[in-house]
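Peer 1: Chain B: place on chain A using the hints.
Protein chains in written order, with our numbering: chain A, 1 to 477; chain B, 1 to 350.
Source of the hints: derived by calculation from the structure; they are not laboratory data.
The list that follows gives simulated cross-link-like pairs (lysine-lysine, BS3-like), each with its CA atoms no further than 27 Å apart:
{"no.": "1", "chain 1": "A", "residue 1": "K290", "chain 2": "B", "residue 2": "K215"}
{"no.": "2", "chain 1": "B", "residue 1": "K215", "chain 2": "A", "residue 2": "K259"}
{"no.": "3", "chain 1": "A", "residue 1": "K214", "chain 2": "A", "residue 2": "K418"}
{"no.": "4", "chain 1": "A", "residue 1": "K39", "chain 2": "A", "residue 2": "K181"}
{"no.": "5", "chain 1": "A", "residue 1": "K214", "chain 2": "A", "residue 2": "K181"}
{"no.": "6", "chain 1": "B", "residue 1": "K236", "chain 2": "B", "residue 2": "K215"}
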Amino acid sequence: MNTYHVVITFVTWFVLCFFVALNGGYLLLNLFSLRALHKRGQEQFLGDLPRAYSGLEPPVSILVPAYNEEATIAASIRSMLQLTYAEFEIVIINDGSKDATLDVLKREFALLPFPEAYRRTIPTKEVRQIYRSTRYPNVRVIDKVNGGKADSLNAGINASRYPLFCGVDADSILQRDSLAKVTEPFLRDPTMVATGGTVRVANGCEVSGGFLTKVGLPRSPLALFQVVEYLRAFLFGRLGWSALNGMLIISGAFGIFRKDAVVLAGGYRPDTIGEDMELVVRMHRTLRAKRQPYRIEFVPDPVCWTEAPEDLATLKNQRVRWQRGLAESLSANWGLMCSRNGGVAGWVAFPFMLFFEWLGPVIELGGYIFMVFAFLTGAISWEAFGAFLFVALGLGILLSASGLLLEEMSFHLYPRGKQLLMLGLVVILENFGYRQLNTWWRLVGLWRWARGKESTWGAMKRKGIGEEAAGVPPPSA
Amino acid sequence: MTLVPHSDPFVAAAIWTGFAALILTLLLALQIIAMRMMLRRRQRSDARALSRWRPLLNAAIVGEMPATLPPLRRGERLPFLRLWAHLQGSLRGEANEALNEVARRLGIDAYARGLLGRGSRPARLLSALVLGHLHDLDAWPGLLRMAGQPDNTVSLTALWALVRIDPQAASDYMVPLFIAREEWALSLAAGILQQATEPAARALTRLLPQLGEDKLPRALRIAEALHLALPAGVLKSALDSGSMPVVIAGLRGVRTPETLPEVRALLAHEDWQVRVQAARALGRVGERGDAERLVQLLGDREWWVRYRAAEALLELPALTRADLEALRASLTDRFAADMLSQAMAESASV
Chain A
1 MNTYHVVITF
11 VTWFVLCFFV
21 ALNGGYLLLN
31 LFSLRALHKR
41 GQEQFLGDLP
51 RAYSGLEPPV
61 SILVPAYNEE
71 ATIAASIRSM
81 LQLTYAEFEI
91 VIINDGSKDA
101 TLDVLKREFA
111 LLPFPEAYRR
121 TIPTKEVRQI
131 YRSTRYPNVR
141 VIDKVNGGKA
151 DSLNAGINAS
161 RYPLFCGVDA
171 DSILQRDSLA
181 KVTEPFLRDP
191 TMVATGGTVR
201 VANGCEVSGG
211 FLTKVGLPRS
221 PLALFQVVEY
231 LRAFLFGRLG
241 WSALNGMLII
251 SGAFGIFRKD
261 AVVLAGGYRP
271 DTIGEDMELV
281 VRMHRTLRAK
291 RQPYRIEFVP
301 DPVCWTEAPE
311 DLATLKNQRV
321 RWQRGLAESL
331 SANWGLMCSR
341 NGGVAGWVAF
351 PFMLFFEWLG
361 PVIELGGYIF
371 MVFAFLTGAI
381 SWEAFGAFLF
391 VALGLGILLS
401 ASGLLLEEMS
411 FHLYPRGKQL
421 LMLGLVVILE
431 NFGYRQLNTW
441 WRLVGLWRWA
451 RGKESTWGAM
461 KRKGIGEEAA
471 GVPPPSA
Chain B
1 MTLVPHSDPF
11 VAAAIWTGFA
21 ALILTLLLAL
31 QIIAMRMMLR
41 RRQRSDARAL
51 SRWRPLLNAA
61 IVGEMPATLP
71 PLRRGERLPF
81 LRLWAHLQGS
91 LRGEANEALN
101 EVARRLGIDA
111 YARGLLGRGS
121 RPARLLSALV
131 LGHLHDLDAW
141 PGLLRMAGQP
151 DNTVSLTALW
161 ALVRIDPQAA
171 SDYMVPLFIA
181 REEWALSLAA
191 GILQQATEPA
201 ARALTRLLPQ
211 LGEDKLPRAL
221 RIAEALHLAL
231 PAGVLKSALD
241 SGSMPVVIAG
251 LRGVRTPETL
261 PEVRALLAHE
271 DWQVRVQAAR
281 ALGRVGERGD
291 AERLVQLLGD
301 REWWVRYRAA
311 EALLELPALT
321 RADLEALRAS
331 LTDRFAADML
341 SQAMAESASV
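Isolated chain A (complex conformation) (with noise of 0.2 Å):
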C-alpha cells in the first residue's frame, strides 16, 4: 500500500469516526436529558398544584439593554410588568440609542431624573442619566453612552437593586411565569450561580399583549428547520450538560444570575460578540479556580420565545456571529480547559465544544469534500461514498428525531398531528442541505474570527417583534 493510499484511508475513517464520536456524544447527552425530563414529569404536578412551599423567592433585577428599540420597547416593558413573580425591579438600558427609545420611554413610563448614587463595581461607559418611573416604582432607566450590549449589561449590574439579575432581551417573549420558573433552582439550591430557560421559535405563533397565546409552527420552511434546531439544542445540547454540571451557554435572551458570583467574575467582557457564553465559561472558570461549590442549571420548560429570522441573508449573518462569539468564549478562557479543578466543564465539555463545535464545521465540511474529491478522483468506491453519506445523514436524523422525541414526552407544545407529522417531516428534511448550509456560515464565522474582524452586531431582519439582539443561542447540536 503506497503513501496516497494510507493517507486516504486514514482521512477516509478519520472523517467516518469524528461523524460518529459528534452524534455519539450528542446521543449520550440525550440520555442525560431523558432522564432529567423524565423526573422532571413526575414531579410535574406538583407545579400544577398551589405550591407547598413559597413566599420567600429571592426578588429579581430584570436587566433589559435597549439599543434603537423604540418601535418595540414600551410593549415590551409593559408586559414584562405583568411577570407573575412576588418582587422585581426592570432596569431598563438605554444604550445611547440613536432613534427615540429614550423619549418613548419617558412618555410611556412617565420617566422623572432620579437622584441615584451610581455605583461602578463593574467599569462601563459613561452613564448620563438614571430615570425612575413615577407610574411604577419598580421602573428605572439608565441613559448612558452607547458601548454595546455586555457594557449595558454591567450597567445594568451596577445599578441594580437585588441579589439575582435577569438579563432579557427587549425584543423576547417571555411566559408570564417566567421568572418564577427559572428563579426555582436558586430556591432549592443555595450554590446555584446561574439559571437559563429554552428558548422556542416564535414565528407562526400568535402573540397578544406582549405574551404568547396559541403556539404554533411557521409557515417558512427555513423558520421550520430553526424549530427543529432549537429543539435539539435546548432539549438535550443544554439540558443534557446542565445534568452534568457543564453548561457552558446561557442564551441572553433570557438567564438569571447571582449578581456576586457575575461580579467576581469580573462581569460581561464588552469586547466580544458573544458575552453571554463568554460570561458563563468565565464563571466556570473563575468558580473552579476558587474551589467555591457552584450549579449552573437549565430550565427545560420553554420560558421565552424569540423570532426566527425567515431570510437567508439574515439567518446567514447571525449563524456567523453565533460561531464567533463562541470561538471568542473559548479562547478567552482557555484556561478552564483540562485545568486542575476543572471538572465536568473543564475536562468534559470545553473539550467537547472545542472539538465538535469550534473546529467541527471545518471538519465536517472538510469530511464532504474530501469524500466528494476522492470519490471523483476516484480514490474511495461509489460504494464507500454512498456508506459516508447514509452514515452522516442518518445520524443527523436520529438526532433530530430524538429531539422530537424528548419534546414529546415532555411538554408536547404542538397537539395537533398534522404539527406533529410536519417536524417529523423536517427532522429528515433538514438533513438534505440545510444542516450543511449551517455548517458552511459556521466555517464562515471561524475564518472571520480567526481574521480577528472587530465584532459588531450586525442589523438583523425581522417581520414582527422587532430588531434581533439575541445572544449565543444554541450551538448546531
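Peer 2: The following block gives chain B in isolation, referenced to the frame of chain A:
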C-alpha cells in the same frame, strides 16, 4: 472503479452504523407515535373522571354535600387525587373540611397511605400532599420514612405534610434537621416552617443555646425568616461572637432595642458586611440620637453601607423631612449627600 485496499471495513462499518441509526430512528418514530396515542387516551380518561367528580366536589365546597357518593373507580383515582389536592390548595376554611369529608368517605386516606409505601415517585409525592391536607395521623410513620429519603423533592414534600398533620411534633423533628441540612435552601425550610411558626419558634429557642458557631448562622437565619423575636441573651451572645457569619446573622435578627449598645458598637466594625447589617439594625431599633452615628456611615467607602445608613436614617423615629433636608444640606461629603438624596427620593416615590 477503484477500491482503496482498506475500504471494505470502512464501508462495512459505515453501513452498519447507518443501519443502526436508521433502526433507532424508526424506533424513536414509533415511540413518539405511541406516546402521542397514550397521551390522548390518558387525556380522554382524565377528562371523563374530572367531568364526573368536579361537580360533586364543587357541590361539597359550597355546602351541598351529596348524601351518597358514587364509587371511585380504579382508573379515576389519580386524576381525582390531583383535582382534589388542587382544590384543597386553592381553598380555605370550611371548604377544606368539606373536601376532607368527601375524601374520607371515598376511602382516599387509606388509598393514599398505601401509595406512600408502594407507589411510583409521582404517586408518592401526590399522596404525601393529600395526606397532609387530610391531617392524617396514621400516615405519620410512612411520611417520616419518606422524609428521610435522599431525594430532596420527596423528603421536603413529606416534611410539608408532617407539619400539616402535627405542627408541634413536626417542628421538634424538623428544626434540628433544617439546621443540619445545609444543602436545603433556607427559603424552602422557612417556607415549610411558616406553617408552624409558634412550635417552630419554641423548638428553635430551645436549640439555639446548644448550637456551635458553625450551626448558629443558619439557625439565626431560619429565625429571621420566621420573623421570630429572639431572646436578648441569645442575640447578645451572637453579637459578641468572634465569628462574622454569627454576628451578621445576629444583626439580621435584631428586632428590639435591648441589644442597642452592641449594635452601635458594631457600626465601626472592620468588615463592611457587618457595618451594613448594623446600619439596618439601627434603622429598625435605633433612636433619634443615633442619627449622628448613621451620618458617619454615610461617608463609608462601601456603597452598600452608605445606602443602608441612608435608609436607616429615614427610618429613625422623630426625624422629620425638614430635619433630613437640613442634614443633607449640611453634608460636606458629596458621596454622603448623593446617597441621602437617593434614599429620600426613593422613600418619597413609594
